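The letter at position 238 of the first sequence is residue 238 when you use this note's numbering, and the numbering goes up by one with no holes.
These are calculated hints, taken from the structure and not from any lab test. This one's a predicted model, so the numbers in the text were calculated from it and none came from an experiment. Keep in mind that the hints are not guaranteed to be accurate.
Once the Cα atoms are required to be at most 20 Å apart in a straight line, the calculated PhoX-like pairs of lysine-lysine come out as [stated by the list, open to error]:
#	residue 1	residue 2
1	K237	K2
2	K123	K171
3	K85	K60
4	K256	K99
5	K36	K117
6	K36	K256
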Amino acid sequence: MKIATYNINGINGRLPLLLQWLKEAKPDVVCLQELKAPDNRFPLTAIQEAGYQALWHGQKGWNGVAILSRKLPIQELRRALPGDKHDDHSRYLEAIVGKMVIACIYLPNGNPYPGVKFDYKLKWFRRLATHARTLLAHEVPVMLVGDFNVMPTELDVYKPEKYFDNALFRKEVRAAYQRLLGQGWTDALRHLHPDKRIYTFWDYLRHAWERDAGLRLDHFLLNDQLAGRLQRGGVDKHVRGWPKASDHAPAWIMIK
DNA sequence: ATGCCCGGAGCGTCCGGA
């Protein structure tokens with residue numbers, strides 16, 4: 001089974017490109033982030049015509065997450081991360097897909113550092129860690145998938161020294177990510193490719209794509225039951241080079 | 001220190017992104 005994650009950066013502006021990639025990559029399940037569309041502007045008909053069911057949680061203007069599935073039914077578990085009933089950002093969607101629990105995640109960016117946005121990011125991370133623990137306790141196959149807005153190590157940044165005070169790479173954020181892994185999650189792409197430079201994002205600014213000035217921000221965290229079934233994984237890097245591309249590229253893993 | 005590029009909202013020019 002092929003599972004992918006893609007920060008689409010505007011699902012309506014990017015719809016032809018998304019459909020092209022779905023046709024080419026044929027993922028069984030897809031987690032999307034940054035729909036940038038309210039619920040009533042989700043392009044369900046086009047997605048269905050491409051052969052997918054969908055569950056989504058949108059928001060006007062920004063954020064928004066979705067889970068697509070070709071064959072396996074999607075059963076919603078929750079559409080908000082517990083722990084702050086005043087948090088109205090659409091950044092979390094959790095569902096049973098087949099026999100797995102999949103959490104689609106769009107973790108806050110947190111820039112600029114320092115500031116209230118950075119504090120919100122750390123708080124969101126703490127809420128995620130608390131909830132992730134309860135997911136592990138269920139002893140079913142679980143994966144946390146999406147745009148974590150964290151480069152976990154220096155290997156995940158084209159030029160680490162430029163990012164030490166950036167909210168994507170601040171030591172507090174990397175520590176939060178490592179603490180999460182320490183609960184018993186496997187970073188699938190890093191596990192498969194321990195020494196490889198893997199990027200999933202190239203900024204629109206300063207010709208980042210042409211310079212290969214990339215960041216690894218999009219991750220698959222697998223519990224032990226799924227880690228043992230991991231076969232392959234990668235990034236559909238060429239999609240970042242398509243006209244009108246998102247600044248992220250799709251990433252994927254294969255589970256047996 | 002700033003702009004560099006984008007989508008969205010909505011119609012001039014911000015905001016948010018990373």
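Structure-based check of all given hints:
no. : hint        : verdict
1   : K237 / K2   : holds, 16 Å
2   : K123 / K171 : holds, 15 Å
3   : K85 / K60   : holds, 19 Å
4   : K256 / K99  : holds, 13 Å
5   : K36 / K117  : holds, 19 Å
6   : K36 / K256  : violated, 33 Å
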